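One line per chain: the protein sequences are A and B, in this order.
When the count follows my numbering, it moves up by one through the first sequence with no breaks and lands on 540 for the last residue.
When the count follows my numbering, it moves up by one through the second sequence with no breaks and lands on 540 for the last residue.
For the record, the hints were derived by calculation from the structure and aren't laboratory data.
Possibly wrong hints are sitting among the right ones.
Given that identical chains are not distinguished, each listed pair holds provided it fits within a single copy or across any two copies.
Okay, derived cross-link-like pairs now, BS3-like style, lysine-lysine, Cα gap no bigger than 27 Å in a straight line [as the list claims (entries may be wrong)]:
| id | residue 1 | residue 2 |
| --- | --- | --- |
| 1 | K225 | K271 |
| 2 | K272 | K513 |
| 3 | K318 | K225 |
| 4 | K318 | K297 |
| 5 | K49 | K513 |
| 6 | K513 | K155 |
| 7 | K63 | K294 |
| 8 | K527 | K63 |
| 9 | K473 | K535 |
| 10 | K375 | K297 |
| 11 | K69 | K12 |
| 12 | K386 | K473 |
| 13 | K535 | K383 |
| 14 | K223 | K271 |
| 15 | K383 | K508 |
| 16 | K404 | K439 |
| 17 | K297 | K226 |
| 18 | K352 | K132 |
| 19 | K271 | K535 |
| 20 | K439 | K68 |
| 21 | K414 | K12 |
| 22 | K386 | K49 |
This one's a predicted model, so the numbers in the text were calculated from it and none came from an experiment.
2 protein chains.
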Amino acid sequence: MSFNNYNIGLEKNRANFVPLTPISFLERTAQIFPNYTSIISENNKFTWKSTFARCRLFASSLKKRNIKKGDTVSIIAPNTSAMYEAHFAIPMAGATINTINIRLDPKTISFILSHSDSKIIFVDTEFIPVVKKAFKIGNHKIPIIFIDDSESFSKNIDGGQSYEDFLNEGNLEDFVNCANIIDDEWSPISLSYTSGTTGNPKGVVTHHRGAYLNSISNYLIWKMKKNPVYLWTLPMFHCNGWCFPWTMSVLAGVNICLRKINAKKIFNSIKKYDVTNLCGTTVIINMLIEEGIKLNKKVEFMTGAAPPPASVLEKIEKQGFNITHTYGLTEVYGPAVVCEWQNDWSNKKTDKIAELKSRQGVRCPGVSDLQVINKKTNKPVKKNGKELGEVYIRGNTVMMGYYKDKESTKNSFKDGWFHTGDIGVVFDSGYIQLKDRSKDIIISGGENISTIEIENTLFQHEEIIDAAVVGIKDAKWGEAPCAFVTLKKNSSLTEEEVIKFCKSNMAKFKIPKKIIFGDIEKTSTGKIQKFLLRKRANQE
Amino acid sequence: MSFNNYNIGLEKNRANFVPLTPISFLERTAQIFPNYTSIISENNKFTWKSTFARCRLFASSLKKRNIKKGDTVSIIAPNTSAMYEAHFAIPMAGATINTINIRLDPKTISFILSHSDSKIIFVDTEFIPVVKKAFKIGNHKIPIIFIDDSESFSKNIDGGQSYEDFLNEGNLEDFVNCANIIDDEWSPISLSYTSGTTGNPKGVVTHHRGAYLNSISNYLIWKMKKNPVYLWTLPMFHCNGWCFPWTMSVLAGVNICLRKINAKKIFNSIKKYDVTNLCGTTVIINMLIEEGIKLNKKVEFMTGAAPPPASVLEKIEKQGFNITHTYGLTEVYGPAVVCEWQNDWSNKKTDKIAELKSRQGVRCPGVSDLQVINKKTNKPVKKNGKELGEVYIRGNTVMMGYYKDKESTKNSFKDGWFHTGDIGVVFDSGYIQLKDRSKDIIISGGENISTIEIENTLFQHEEIIDAAVVGIKDAKWGEAPCAFVTLKKNSSLTEEEVIKFCKSNMAKFKIPKKIIFGDIEKTSTGKIQKFLLRKRANQE
Numbered sequence: 001m002s003f004n005n006y007n008i009g010l011e012k013n014r015a016n017f018v019p020l021t022p023i024s025f026l027e028r029t030a031q032i033f034p035n036y037t038s039i040i041s042e043n044n045k046f047t048w049k050s051t052f053a054r055c056r057l058f059a060s061s062l063k064k065r066n067i068k069k070g071d072t073v074s075i076i077a078p079n080t081s082a083m084y085e086a087h088f089a090i091p092m093a094g095a096t097i098n099t100i101n102i103r104l105d106p107k108t109i110s111f112i113l114s115h116s117d118s119k120i121i122f123v124d125t126e127f128i129p130v131v132k133k134a135f136k137i138g139n140h141k142i143p144i145i146f147i148d149d150s151e152s153f154s155k156n157i158d159g160g161q162s163y164e165d166f167l168n169e170g171n172l173e174d175f176v177n178c179a180n181i182i183d184d185e186w187s188p189i190s191l192s193y194t195s196g197t198t199g200n201p202k203g204v205v206t207h208h209r210g211a212y213l214n215s216i217s218n219y220l221i222w223k224m225k226k227n228p229v230y231l232w233t234l235p236m237f238h239c240n241g242w243c244f245p246w247t248m249s250v251l252a253g254v255n256i257c258l259r260k261i262n263a264k265k266i267f268n269s270i271k272k273y274d275v276t277n278l279c280g281t282t283v284i285i286n287m288l289i290e291e292g293i294k295l296n297k298k299v300e301f302m303t304g305a306a307p308p309p310a311s312v313l314e315k316i317e318k319q320g321f322n323i324t325h326t327y328g329l330t331e332v333y334g335p336a337v338v339c340e341w342q343n344d345w346s347n348k349k350t351d352k353i354a355e356l357k358s359r360q361g362v363r364c365p366g367v368s369d370l371q372v373i374n375k376k377t378n379k380p381v382k383k384n385g386k387e388l389g390e391v392y393i394r395g396n397t398v399m400m401g402y403y404k405d406k407e408s409t410k411n412s413f414k415d416g417w418f419h420t421g422d423i424g425v426v427f428d429s430g431y432i433q434l435k436d437r438s439k440d441i442i443i444s445g446g447e448n449i450s451t452i453e454i455e456n457t458l459f460q461h462e463e464i465i466d467a468a469v470v471g472i473k474d475a476k477w478g479e480a481p482c483a484f485v486t487l488k489k490n491s492s493l494t495e496e497e498v499i500k501f502c503k504s505n506m507a508k509f510k511i512p513k514k515i516i517f518g519d520i521e522k523t524s525t526g527k528i529q530k531f532l533l534r535k536r537a538n539q540e
Numbered sequence: 001m002s003f004n005n006y007n008i009g010l011e012k013n014r015a016n017f018v019p020l021t022p023i024s025f026l027e028r029t030a031q032i033f034p035n036y037t038s039i040i041s042e043n044n045k046f047t048w049k050s051t052f053a054r055c056r057l058f059a060s061s062l063k064k065r066n067i068k069k070g071d072t073v074s075i076i077a078p079n080t081s082a083m084y085e086a087h088f089a090i091p092m093a094g095a096t097i098n099t100i101n102i103r104l105d106p107k108t109i110s111f112i113l114s115h116s117d118s119k120i121i122f123v124d125t126e127f128i129p130v131v132k133k134a135f136k137i138g139n140h141k142i143p144i145i146f147i148d149d150s151e152s153f154s155k156n157i158d159g160g161q162s163y164e165d166f167l168n169e170g171n172l173e174d175f176v177n178c179a180n181i182i183d184d185e186w187s188p189i190s191l192s193y194t195s196g197t198t199g200n201p202k203g204v205v206t207h208h209r210g211a212y213l214n215s216i217s218n219y220l221i222w223k224m225k226k227n228p229v230y231l232w233t234l235p236m237f238h239c240n241g242w243c244f245p246w247t248m249s250v251l252a253g254v255n256i257c258l259r260k261i262n263a264k265k266i267f268n269s270i271k272k273y274d275v276t277n278l279c280g281t282t283v284i285i286n287m288l289i290e291e292g293i294k295l296n297k298k299v300e301f302m303t304g305a306a307p308p309p310a311s312v313l314e315k316i317e318k319q320g321f322n323i324t325h326t327y328g329l330t331e332v333y334g335p336a337v338v339c340e341w342q343n344d345w346s347n348k349k350t351d352k353i354a355e356l357k358s359r360q361g362v363r364c365p366g367v368s369d370l371q372v373i374n375k376k377t378n379k380p381v382k383k384n385g386k387e388l389g390e391v392y393i394r395g396n397t398v399m400m401g402y403y404k405d406k407e408s409t410k411n412s413f414k415d416g417w418f419h420t421g422d423i424g425v426v427f428d429s430g431y432i433q434l435k436d437r438s439k440d441i442i443i444s445g446g447e448n449i450s451t452i453e454i455e456n457t458l459f460q461h462e463e464i465i466d467a468a469v470v471g472i473k474d475a476k477w478g479e480a481p482c483a484f485v486t487l488k489k490n491s492s493l494t495e496e497e498v499i500k501f502c503k504s505n506m507a508k509f510k511i512p513k514k515i516i517f518g519d520i521e522k523t524s525t526g527k528i529q530k531f532l533l534r535k536r537a538n539q540e
């Protein structure tokens, strides 16, 4: 730093520098809109004043148990008020929130509890049995606080304390002022274990600064209105609900929490609460399409994770949902790429719009740079919508790294970019479209085949409601495509007919050699587990 | 920092940490919406692609002249495209932008050029004469680049280079990628000299981080829609147009630039360009009220600086402007406090709403904490709307300090708060209302009298269109109020009648002892210069 007059007497001080944290959103909203509704769950209703008070009790109680910066606090719960509160209270206490996927098996839960160095766990009573099994497997000794949200489950938990009793141990005078609640914005806020298609799950660590910026970015890319009514169809345990717990607190919106979802519940909630926004993967979209109800009023729907085919987008928009298509990963705090609407699209036909919207799009404001790199040449791909490359991302909304895994962290950050492992193309407009996970792409006779491309074609068939393509070993070509297909009820489509349909809609070398009918297994986050399908495809 | 597993292997790197800067907004918008209109000025029209290109040329040209971090670049211009470009290009080159008020006298301009250590100055041709005089006074030798925006002014400038020629020296390949364009977000972005009611003006230094956060805050508090059409009625030379040049670049909106404004031009522009948003002080509001035109469509109007009386707010809203009342200072990047709308206000009567809206309100999201401190007890005032105290602010959108003025910086940051020098009260709702500048308050017979309170009462009189109150020496009470009053055209209101009106509307000790009729001098930013009025009042 060379000498100049700006280097003297203009240092940071308590008046002009405060570490960024999404906790500040809650404090401000509780101060300004204390009586606005914050949460409506199946059995309860809260205001922002009460939510802030409960979070302070929660944080204070953690502090009394000596939970502090550097500690991990785990929670396993569906979308309840307690789960929402945990997203503020745990970081408020300085600790890191580790949300555990409710669909995991005891063995994986045990692995996560050990690997994360969890000091305490909050468990919704529905998941006490699976957690008990996990504790037995790993011989875990940490305290359990049980969340008694639903009467359907036993609260006969020996040794455990109830969440409400735990809150009552807290001091309401603690954490009233959240400025400088953390000493450094580069402090962990969340630890999330990714589903991991092979081996043990990896722990993604994110920080307060990134969570603050992605919460704001969500608002910017979705052009959300003031006081939105947000329906929780996306699990908060997945990537902290894409940062939406925090986004909702900036906007003083209403969180509608459902323990379990189905199409009927979603449509009922939309009507009952005048829902303005919801998020979900293609799984949810398909669920809503099958139910088929048309809305009286436009509802904003943000989708991500698994890329929805254009034909699916066209159907759901006809029902009255306005889709914003995003792409992201847990490693980038959720949405990092968004299919921004362009004004001149209004003049296009519905099917063309759906096609444009099926592209993942451009970087969100929290992302500083994005490029798609041809792995052979190590150069950016041409903007021709054809040349394949890996998506690289750089910016403040990229994770700190993987917990206790220097090797994976180093590999994922090679050359100063986060390597997503996703393969895509770039169009002339700069919009990207994903074509595959790098490990899913099929190489057949030296040609790269995008499995997503074949899936999108299959989706165009009226009788096909779900499709997934993987590579199978092929004596002649090395690999060849194999399609898993789910048919509409009462459909009698045959393998031959599907292949015939493919023949008239794609290049010869891309046509699946084999069709397997039936349900397609997915993770709780709607991702198809292609490694499982590959195993099945090669066995069957 | 105690040991924990989060302290290992999770450091910042090029992939996950980028200094915050509002320059990144321009880069993103130019990439994603290249053909959207960015600026419409009186003689020109630009797209975001061309604005970004021109800014890069500008920055590159500065670099070629060895302008770098730590250098100050001055500009004196009305609201033109060049002024807009300067807000991006100068910081892009690493330098600090110093906008000079176009209404200043040569002596003050000379003072600013010296004190700011300006390395180069950009001058709109209209202001070449005043700058030439300033150069003569201070014997300044720095290069002048003249901006030839209007044909009305001579471009016969010996030795100066034209702005367009200057741009042409730049290299379009420079600054294409704006990630990491600055090495530290705690770097100066702007130097703004405050009008200063006594002595020489002080140079407020703000930084990239704060400018980024306040740009976003503007969007949040105003609930701006996508692609707004923003009419520049607020001078960009004042506090960088409250950060709105940068806010507009996040939103890919249209900037309508007018060299000069009057009520007719404003109404014409609103109609012609379908303006959605504009900002201005009470001066502009009064201008629009006098013109009296009713709008066909709601237009969002953000006001600040001088607190508008409820009676004025009521009138302007009836014309179709929806007022968002904010309060701020150059030291806090513009708007720092906002009168947030509360849903239950919808049920109230128009005059009650105007009264509520005349309060300054609550902190903006960029501000972490705000308090009103009784200077005698040094404790927060009671929330009773009565007890007076000084407004203190803390947060990321508080300046770095005053340039080359350690003493003033230290004083303004005493006890870890920025001392605004503004006196106000807090209501039960937590909303604040300003009552005076600390140096303007009148102490009469030991009672504090708010001059703003008296002014608001005067404004309620049908025939009074402007009012300002100051203290005059009084043999008996120490000080007493004196009112400056501007009447409607053709009004024949007398001093006696004004005092009679006051008698029936305020406590006896607050009634002005003297009324002076005529125009009231204001600074270019609409602030009444009470020290001048005080001088006049005590002389007349």
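List in ascending order the numbers of the hints, as given earlier, that are violated by the structure. 2, 5, 6, 7, 8, 10, 13, 18, 19, 20
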